[in-house]
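S.K.: Sequence:
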Amino acid sequence: MRTLERILLIIGIVCLGLYGIFTLQTHIHQRRLERALERQLEEGQPKKAPEKAPGESPAPPPAAKRPKLAEGDLVGRLEIPRLNLSVMVMEGIGKKTLMLGAGHIPATSYPGLPGNSGIAAHRDTFFRKIRHIQENDVIRFTSPHGVLTYRVKTTSIVKPTDVHVLNPTPQETMTLVTCYPFFYVGSAPKRFVVQAVREHTVAD
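So the sequence shown is residues 0 to 203, counted in numbering that gives the first Met the number 0.
Hints listed in this document are in silico derivations from the structure and should not be mistaken for laboratory results.
Since the structure is predicted, the reported quantities are computational estimates derived from the model, not experimental observations.
A couple of the hints might just be wrong.
[What the hints assert, rightly or not] Listed below are the simulated DSSO-like cross-link pairs for lysine-lysine, each with C-alpha atoms no more than 30 Å apart in a straight line:
no., residue 1, residue 2
1, Lys-189, Lys-152
2, Lys-158, Lys-128
3, Lys-64, Lys-94
4, Lys-95, Lys-64
5, Lys-67, Lys-94
6, Lys-189, Lys-95
7, Lys-128, Lys-189
8, Lys-189, Lys-64
[As the list claims (entries may be wrong)] Here are the in silico distance ranges between beta carbons for each label pair:
no., residue 1, residue 2, range
9, Glu-42, Pro-167, 17 to 23 Å
10, Leu-112, Val-184, 36 to 42 Å
11, Lys-64, Gln-24, 21 to 27 Å
Every residue, glycine too, gets a C-beta built ideally from N, C-alpha and C.
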């Protein structure tokens, strides 16, 4: 009996150690992405515009383009102030990517571009607080090009096959996706979906 107790104790210690290592790795990677975003924001600060001749119209801003990103590349930072939620978002939804942060769903639009940008994360880590989200909550997204503001319009629970929630939209939409129920043990049978629409503010 004592041998069994010792084995179980050792297993428990190993599990705690592995969890601690995973948590540390995740924190380090999130901080690395934070620093990378800060550098890109600093490098992207607009320079003073040259003096234009009298009567000359200012040049139009360059059109936003879809970025060419590989799995794991930095996309930006997602924040929901009321929930005190902040997570760095990477490109893709591969296993390693979603272990280290939130992931931009390929084939959907990107924040700041027309259409529907999809972002996914695990319900038991980075999107744990999403279960408390409410209509009209503010979502902020910081990309290397600046800060965007979204307002939550709807939440829904759908089947994994209900991919219509990621269909293109006429307005700039952000769709957050995580597994549901939140405390389900094993592979969750449904998906919790949050849809928010961009609000154009002075800061944007």
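S.K.: Hint numbers the structure violates, sorted upward?
M.R.: Hints 8, 9 and 11 not satisfied by this model.
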